[in-house]
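Given these sequences and hints, build the entire structure.
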Amino acid sequence: MKTTGKKSSNTLVRDLVNVGIFGALYLVLSGLGASIGFIPAFIVVSTCMVSLVTSVPLFLFFSKVERPLLCCVLLCTLFGIVMTISGHGISFGLLCVVYGVLAGLCLKLFHKNFVGCLLANVMISFVPSSMMIPLWSSTEEYLAYCSSVCDKAYIAHLAELSSSYWPLIGLFGFGAAGAVVGGFIARRMMKKHFERIGLAQ
Amino acid sequence: MKLDPRTKLFLAAVANGMIFTAPLVYSLLMVAVASILLLLEGKWKFVCIFFFVYLSAGFFFGQVKNLDIGTSGTIILASLFLMYRIMPACVVLYYVVTTTKVNEFLACMSRMHISNKVTIPLIVMIRFFPTVYDEARAIGNAMRMRGIRLFSLRTLKSPVAFLEYRLVPLLVSITKIGDELSIAAVTRGLSAETKRTCVATIGFRWVDFVVCAYCIVVVVMFLLRN
Amino acid sequence: MAISRVVGSVFQNPRSQFFNIDTDCELAFGCENLGMNPEEIKQHVENVVQEFHLEHLLGRSIFNLSGGEKQKIACASVSATGPEIFVLDEPSANLDLKTITDLKEIVSRWKKAGKTVVIVEHRLYYLRDVADRICYVKDGQIAEEWMPAELEAKGAAYAACLGLRCMNLEQLCEGMVRQAHRHDDIASGEIDDIASDKNNVIASEAKQSIIFSNLTFSYHHKHPILDIDRLELPCGQITALIGHNGAGKSTLAQVLCGLLGSWRQKRAARKRGTYLIMQDVNHQLFTESVLDEVLLGMKPQDEKLALEILEGLNLKQYADNHPMALSGGQKQRVAIGSGISSGCDVVVFDEPTSGLDYRQMLAVSATLKKLAASGKTLLVITHDPEFILNSCQSVVRMEHGKVVEQYPLSGNENQLIKTMTGKL
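So the protein lines, in turn, are chains A, B and C.
Numbering (my numbering) for the first sequence: 42 to 242.
Numbering (my numbering) for the second sequence: -17 to 208.
Numbering (my numbering) for the third sequence: 30 to 453.
Honestly, the hints are just simulated from the structure, not real lab data.
Keep in mind that the hints are not guaranteed to be accurate.
[What the hints assert, rightly or not] Examples of chain C residues lying across from chain A (beta carbon under 7 Å, computed): (1) Met353; (2) Ala354; (3) Ser356.
[Stated by the list, open to error] Listed next, the in silico DSBU-like pairs over lysine-lysine satisfying Cα-Cα at most 30 Å (straight line): (4) C:Lys141 - C:Lys447; (5) C:Lys251 - B:Lys27; (6) B:Lys177 - C:Lys71.
For each residue, glycine too, the CB sits at the ideal point set by N, CA and C.
In structure tokens form, the structure reads like this:
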């Protein structure tokens, strides 16, 4: 569906409803993907899992909305609102909005072609990756709690983990890698299924 | 005992802020107010279970602290301890989520002059969680009849195919519901331009002031602790 | 925006017309969107609650309501905004016959209040006394226009040839007995003998029946949702499963197919080979082509056999198409094909004819008859008396999780219609 001229208010409502629907789906799927992180060894890889699972719905979302910038910002804002209410700082919520703007801009600049969608997908994959930032930004307090219970070797391990920024980069890197791989899978799925069904152009 | 949603949000924000930044005592102060509020709501069962679990976990950690249990044991213990730290915030969250009706929350958002462009997706999203669950369960049932399972040789061989079977029908039915829903939205007069009103009555009363004052006192105490 | 003040719409599917999770909010939702002030809205909602007798539905989660209750809330919440015109899109598609009477009452109340009501509908009988005018739309134009009495006078055969459902349920069974032979001729030659001497067949095949035992299910020990010790289904026949919304029909279907219940029930179901064709067939189509869909469930994948199955279902020319891109009836046949290929002997259908016109219903009926003739045992959950009279050989009625009665159809048509409409 190609839009020309003035976009009516009906398509705006449709976009808003789509944001709501895919927001719900994104939250559920990212929660499922992140649940692998409950196993401590997989914490760093969990972001990869999240972006792998969510990239197909996101690609469909990108192709369905007519106002990419607005919709991406709203999607990330919704995620931010829910996360803020459920226990992450307000700073995380603001960061979500920033990622949303970036993702929307990517879509807009590339006119929703594959590269644009891929970049937007990577941008949105940074949202779950950022959830772990408190581990690095407020290291001392975090370690203080742990030291009240853990033995010294583990604290040292944690301190090492948090003193170097590699794991943080790893989180983002794995997330982005998952988003890229997921993007290619999503493109295949779009061609294989959704375009043939007529759900996406 | 009805609190304004804004007070509840403030309560949740303070409690969440305390998780990783303040010593345990401050979190417990928040638990105290939340459990009093929960008791006033008549949810004594939840409060009892929470205190039982929380106190026994605290006792357990006190005992285990000085034992040498090796690195792997410590890792498990540390993650358990993280849960233990998060539990106080969970009580507050439980209170906020179970006692706030959706329309009260929306009324509070419209009081805070948040645009329809945020509230409409939010309404749809809250309504949509049960739908996603229902659809996913129906698809899971259909997959079981065909012998496609998560824990099977076939899934191990091709995880992408499993993802495909799971996601494609879900996405198809959900986008269809979405299309129908956006038609229904237009006929129900939902649009971005008009200003919505809300039936739910919200407003600050003396209870709200008491709870807010309490939260502020806790925060001030925390900031001035040195 | 402006149109929603004047026109109120109710849609076919309850799942896609709600915006709230509890009933109170839903009733006020339309008014809130129009920006009325809260006092006014409360007044409106109160009026609507009294008018529709919804006191017992207030403050409940919408997701726990039955289909009929949902449709009532939808009508009431549209009515609350006080539009002059009501548009209803197949409001009865998911309702049982008893609930349809309530719907009829709502419509006549609107009519009495001087509102304009437009109903798009396949089921015509409940509108017989309410409607003032029936328009038949063909190719985007109003091709015919009758008074209800006029259409009824033209007879069932005329309506059937336009693809319309019957106007009068009481007359239905008499007409059906007369027409039975003709339809079976259309459906397939093989079933002729079954249709012509139904009683004989039932008598001779009574020995061969599949017996299900231990069909119980409950969430709480005290309130069993399903409590059936023994259920006997005649082999190679179509059995209709009737009962009002919430009688436990879908639960029975899920337990039969091993989707609910204890592991022992599930294992028994797997051994037996039972397949469920869901009401929303989209849930059970997974692959990218019709052929793959049939191959997916096969244990040794045999393309030749799969093509044979497709041939039997008139789907061979669509073998490479995407299943989701087919029409509703074709999708249903693909799902049936996948059930056959996974080697099931018992196929359970969940409302296969809801929201279909007469012609489409006949097509589904023909498919099912063919399936039964090939030796499968079919159990069909349905609220569609026309379909039952057309294709089923016996009837099982459920109430409160128990089988209340089970009887062969021929000779009991009047009883069937009476129990379904709740007049008995």
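Here is how each hint holds up against the structure:
no.: 1; hint: Met353; verdict: holds (4 Å)
no.: 2; hint: Ala354; verdict: holds (5 Å)
no.: 3; hint: Ser356; verdict: violated (13 Å)
no.: 4; hint: C:Lys141 - C:Lys447; verdict: holds (28 Å)
no.: 5; hint: C:Lys251 - B:Lys27; verdict: holds (22 Å)
no.: 6; hint: B:Lys177 - C:Lys71; verdict: holds (18 Å)
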